[in-house]
Amino acid sequence: MKATSTTNMASSLLMLIAAMPVTTLAASEESSEKNASKNMVKATDKKAKAQDIEVIEVTSRRNQANSEMTEQTEQLMSVAGIGNDPLSAVYSLPGIVYAGGDTGSPAVRGSSPEDNAFYIDDMPAGYIFHLFGDSIFNENLIQDFTLHPAAFGSEYGNATGGVFDVQLRDPRQKDITTTVDLSMLKSGVMVEGETFEDQAFYVSYRRSQIHLFLPEGEEDEGYTVFKAPISEDYQGKYQWLIGDAHKLTLSASGASDTGGINISENSEEGRIDPDSVGDFKITTKFDSQSLSWQYYGDEEKIMQLVAGHTVNTTDQIFGKGQFIKVDEESYNVRFSSQITWLDNHKLGFGFDYSKSDVDYSFDMIPYYCTENDADCNENKGDRIQDVATLTDEDIAVYVHDIWQLSDAWQLTVGLRAERNDYTGQNFVHPRLALDWFATDDLTFKAKAGTYSRFPDVDTALNKLGNPKIKSPQATHYSLGVDYDLNGIWFTSLDIYHKELTKLPRSVDENTAVEDAEVHYTNDTSGDAQGVEWLVRHERHNGWFGWASLSWSQSQRTDDLTNVTADYYLDTPLVANVVVNYELNERWDFGLRFTLRSGAKYTPIVGLRENPDYEDHFLPTYGELNAKTLPVYHRLDLEANYKTNYWGYDAQWTWAIINAMAQKNVSGYYYDPSDNDSLTEYNVSGEEDIGVFPYIGLKMTF
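The sequence shown maps to residues -26 to -1, 1 to 675 in mature numbering (1 follows the signal peptide of the UniProt record, and there is no 0).
For the record, the hints were derived by calculation from the structure and aren't laboratory data. Any given hint could turn out to be false.
In silico lysine-lysine, PhoX-like type, Cα no more than 20 Å apart, as pairs [said to hold, decoys possible]:
no.	residue 1	residue 2
1	Lys255	Lys294
2	Lys601	Lys574
3	Lys329	Lys444
Distance ranges between label pairs, derived from CB positions [stated by the list, open to error]:
no.	residue 1	residue 2	range
4	Asn536	Leu467	32 to 40 Å
5	Thr535	Phe187	25 to 33 Å
6	Ile669	Gln359	44 to 52 Å
7	Phe418	Asp356	29 to 37 Å
The C-beta atom is built at its ideal place from N, Cα and C for all residues, glycine as well.
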């Protein structure tokens, strides 16, 4: 829900304060799908009775536990300055930028962060980033992480931007061990091991440490932290490998964030908007459980059925007695299957079902605006209250066929049909991918598809929005080429285009609506396009890393006035360099450097008197997103040292975030003082994270 500009500013301030045996061999056979069956080959030494020779007996099972991290994810883990968080590493990939400073959510290829979808172990998730922008996952539990930035397949829905697909690894069949992580950023403990034959588990818990560096009760320029921000998360799995073809997994995960700050009338925000004066506190939390059954048959046949239950809560207080409280309970069921059929064809199909019941209440002063409004203060409404329930039911079925036309050509044709109960809309989304393997080293890829997602919640609610608002939609096109130079150096080039329609627009004098209580319509459209170039060096002689350069453009158009403006996240040029070097068995070093042109912002061109409070001023804004922020650059450095204490493995980590002490500006704001007038006032820059060194220690017992 959108509360007030006060809430948004206070939230931003809070964020800123804020062993296999020797005789064992392994072999694997992977299908083209990510859940392809993998064989485990076990060899035992036997002496032949008739001859004095060694005989190797090979056995296999199709339901092997996927308990090791993929090479690509391991490299993402090694990016400097991210605390081994692969989701934070996505900002080192082309086409990804922060939405709102160094603690914002990811924006993918010119789309809004709200356009993205997140999956954890094949189940949709809405909460995977903490208050400070780090993900909710323990680094020791990630098995694979895949980003689909555009034109993704028919198995994914409810997204018009990008898809973040996270697979947590399976528990390892080994003696029970305990891993402890200690650092200035967060600390955690993890226990893992075998319970019975073919059964194993792990459980992990982490808690942030940033609150230890933020004293409570001390006032600073009118702001007083009374609840230092704390984030927590946990994950757990219990898995049973049944026979050679079945896998049963019980999973649980959860996360929470809380923090509070008092805003006084002497603070910057209090002087601009007295409605904000008071305690601002936010608490968010989710708990999720799921049960998954997987079957691996002959000839690459795969089936999976997952059922999940999630409870989300948000409790927010601000200003003089204002609050928002949301309790959501959702149920999800997903089925997917892959079979080989006909000659050179592989068929995938499945269905998704979800139902959510949302109980919400609020007492607040609303601001009816979107990210395409220059000044939300102009859309301030009267204080309102409501207590209501929202029910949303979604069902989707999909199918895709992978056709190996020849040794050089592969065609994937997909279709996804969706039904949303709340909006009353039906969609049929075609999706297409064509791959040309020109040589063993050169591949051309073309993809296209249509997409839709559920509207932003605050635009769809009764009283706050428009209960009849429709789903935003998009059409994606992508063309790419991959080239393997010599097995060590790889390069890729991608060109993309997105067309966005049915985006929300706030109601104003240009809007013709019959119901005065309707605050939003679907009268905004947009587009995004760009080129991304990536060069990657695989691990060789201790070195690995990548460099990327991207150009992009993103715009939004008011369909009622035909006025087009740059999108606020439009960042034309972005360059990234990631380098890692393993000196020896004990030492490795890494660096990450990011350089990008500034995002767009709407300039403050003057002041106006606050119509609700005498002797108070509000900023007057100029043309939407007409200015560009200064160029951004940041260097992160990291060193890791492996050792052991008392016979236990340990690793020290030293890192410096923003080692060049660059003062990167993420926006500008009106900075009030006692002598302000309509023509004399101060505008200050909001700076991202400064120099931040930290130390960490990880031990396994």
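Results of checking the hints against the structure:
{"no.": "1", "hint": "Lys255 <-> Lys294", "in the structure": "holds, 12 Å"}
{"no.": "2", "hint": "Lys601 <-> Lys574", "in the structure": "holds, 6 Å"}
{"no.": "3", "hint": "Lys329 <-> Lys444", "in the structure": "holds, 18 Å"}
{"no.": "4", "hint": "Asn536 <-> Leu467: 32 to 40 Å", "in the structure": "holds, 34 Å"}
{"no.": "5", "hint": "Thr535 <-> Phe187: 25 to 33 Å", "in the structure": "violated, 48 Å"}
{"no.": "6", "hint": "Ile669 <-> Gln359: 44 to 52 Å", "in the structure": "holds, 49 Å"}
{"no.": "7", "hint": "Phe418 <-> Asp356: 29 to 37 Å", "in the structure": "violated, 58 Å"}
When the structure is compared with the earlier hints, violations turn up for hints 5, 7 and for no others.
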